Amino acid sequence: MFKSLNVTARVFERQIVQPRPSASVNSVRQFYENFVPSCTIYDIDCPDISFRKFTDDGKYLISFSRNHQELIVYRPTWLSFSYKGEDCDSDALSQRAKRFDSFFIHLYTVSLATSNEFICKDVFLYLEGLEFGIFATSTAQTHEVPATEGAVNGVQCVEKIVFHLVRLEDGFILDEKVFCNDFVNLTHSMGVFLHEDLLCIMSLRYQAIHIVQIRDSGNLVDVRIVGTFCREDDELFIGSHIQVTEGQIFLSGIKQRLLSYIFRKHWSEETDQTLRIQHLKKKFYFHFQDYIDLIMWKVQFLDRHHLLIKFGSVDGVVSRTTDQHPSFFAVYNMETTEIISFFQNSTEELYYLYEQFCDHFTASSRSSLHANFISSHSNNIYAFDQLCVIKNRASSFLQFVKKMVTSLPYTCQSQSPSPYFDLSLFRYDEKVGNSPLTQVP
Amino acid sequence: MAFLMGDWPSYDPQNFSQIRPSDPSAQPSKLTPATYHPTHNRTVPPPNQVITTEARNILLRQIYQKAEDKLRPKRAATDLLTPEHGCKQPRGAFSNDP
Chain G
1 MFKSLNVTAR VFERQIVQPR PSASVNSVRQ FYENFVPSCT IYDIDCPDIS FRKFTDDGKY
61 LISFSRNHQE LIVYRPTWLS FSYKGEDCDS DALSQRAKRF DSFFIHLYTV SLATSNEFIC
121 KDVFLYLEGL EFGIFATSTA QTHEVPATEG AVNGVQCVEK IVFHLVRLED GFILDEKVFC
181 NDFVNLTHSM GVFLHEDLLC IMSLRYQAIH IVQIRDSGNL VDVRIVGTFC REDDELFIGS
241 HIQVTEGQIF LSGIKQRLLS YIFRKHWSEE TDQTLRIQHL KKKFYFHFQD YIDLIMWKVQ
301 FLDRHHLLIK FGSVDGVVSR TTDQHPSFFA VYNMETTEII SFFQNSTEEL YYLYEQFCDH
361 FTASSRSSLH ANFISSHSNN IYAFDQLCVI KNRASSFLQF VKKMVTSLPY TCQSQSPSPY
421 FDLSLFRYDE KVGNSPLTQV P
Chain E
1 MAFLMGDWPS YDPQNFSQIR PSDPSAQPSK LTPATYHPTH NRTVPPPNQV ITTEARNILL
61 RQIYQKAEDK LRPKRAATDL LTPEHGCKQP RGAFSNDP
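Sequences listed follow chains G and E, in order.
For the first sequence, UniProt numbering begins at 1 and goes up steadily by one.
For the second sequence, UniProt numbering begins at 1 and goes up steadily by one.
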């Protein structure tokens, strides 16, 4: 609700009126109604680098060199300027405002990639409290993929992928995590997810979810790997108790959990003993091989203990269009190693969760103040209206549901928490203008 | 209402002129609101109760709720005739009359 054009009055009100309990961030964000960018400066000479993103706290501007091997970080210094009179236009601005270095101070340039590697521009995750950044470098993709034991056939292979943890204050590379002959989907950082201090990396080739903790000291510590084994001591237990003969392969731990969940679900759906077997045959055994062939595509944290895993077929990973291939979602509890829920991408139940609780899929931590205000159709009536319009216009509800849930699992830090994108404060046309990155003419 | 409003300016001086305090000698500061004491102890919270926020977020609560509903085996029709729930108890004689 727009309060007042009078900035002075709002500042005085802020001095004397306390915001409602737990609503101080709301008050801060509402103040942005009075401060809207109204002037664009064109034709500024910028260094020839590729700008990536401002950090959400506004402290750093992340950019990469044109050869994708160096990280260049700037400190935004917002130029202050005062003008007496009305209708200040860009001609009145001093010459200083037309220079790049009036706005940004170059902090450092750090080389992340060696000769045959390059930085994946899409991957940048920011830990707000510690001011750490996560970047990724990789070598080129190899096209002839040898079939390796434990690797899924049909998934691409990259010789070396390295995740770097960088302290953004001074550019010091704190730690690295290396993946050899593996494949992590780094396009739009889909293969990684950061929640508080936990990072999960989806290794598609070996079908393993690596959970890594980022310590305050800057170390990357392996917490667990979910995939072949679920509990930390599974590998030890199997090694010491079971003699695995040649050619005898166990299904991976996560697959076993999934199959047992599906079995128990269908078992409990039918109470009559004789009909139960028929029901199981139809629902479970008939599709058994399809379930076995499923692979994990994408993963996100729902909280510190729960993962939302998207399953699909091997063909779906490689192809761009995922519409033809059915996909499934499973909620997995890492502590109890149980699957809690399993949905197909066309189920109404999954759509209901997406419609009502979309903002909880961002899994923002409580310490990150503005991230909890990212507008979505679950927390904003205008966005919900827009969703309803699309829903009513859709010719098939099934297709509509499938289209909506393709955005799950959520891609970490893909939406800006800026108040300018807050639908309760501003209205904007998403199709006009660039994505929320800095505009460089 | 001189003792409550004082000499504050008023739009109409006749406002509130009909109101008289019930007890002219009672000072406002000594008026305490009536307190109510419960006549039973059925709703007393347990002595070691601590109220905290739910750690699990609402999305996960919904998912768990639905999962429990699904995995609970559905009762056959004959079972529903005999009430097994303990939520309704036969009313006994009152023992808490003061």
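It cannot be assumed that every hint is accurate.
Said to hold, decoys possible - Across the chosen pairs, the derived CB separations fall in these ranges: (1) G/Gln-15 <-> E/Pro-33: 33 to 43 Å; (2) G/Glu-128 <-> E/Ala-34: 35 to 45 Å; (3) E/Gln-18 <-> G/Pro-21: 37 to 47 Å; (4) E/Val-50 <-> G/Asp-216: 48 to 58 Å; (5) G/Lys-84 <-> E/Trp-8: 34 to 44 Å; (6) G/Pro-76 <-> E/Tyr-11: 49 to 59 Å; (7) E/Gln-49 <-> G/Asp-216: 44 to 54 Å; (8) G/Glu-128 <-> E/Ala-55: 41 to 51 Å; (9) E/Pro-13 <-> G/Leu-5: 30 to 40 Å; (10) G/Asn-372 <-> E/Pro-13: 49 to 59 Å; (11) G/Gly-154 <-> E/Gln-49: 54 to 64 Å; (12) E/Ala-55 <-> G/Glu-169: 48 to 58 Å; (13) G/Lys-3 <-> E/Ala-55: 50 to 60 Å; (14) E/Tyr-11 <-> G/Asn-6: 21 to 31 Å.
Because the hints were derived from the structure by calculation, they are not lab data.
None of these values were measured; they are calculated from a predicted model.
Heads up, the beta-carbon is just placed ideally off N, CA and C, and yes, glycines get one too.
Non-conforming hints, listed in increasing numerical order: Numbers 2, 4, 7, 8, 12 and 13 - these are the hints that the structure violates, sorted from lowest upward.
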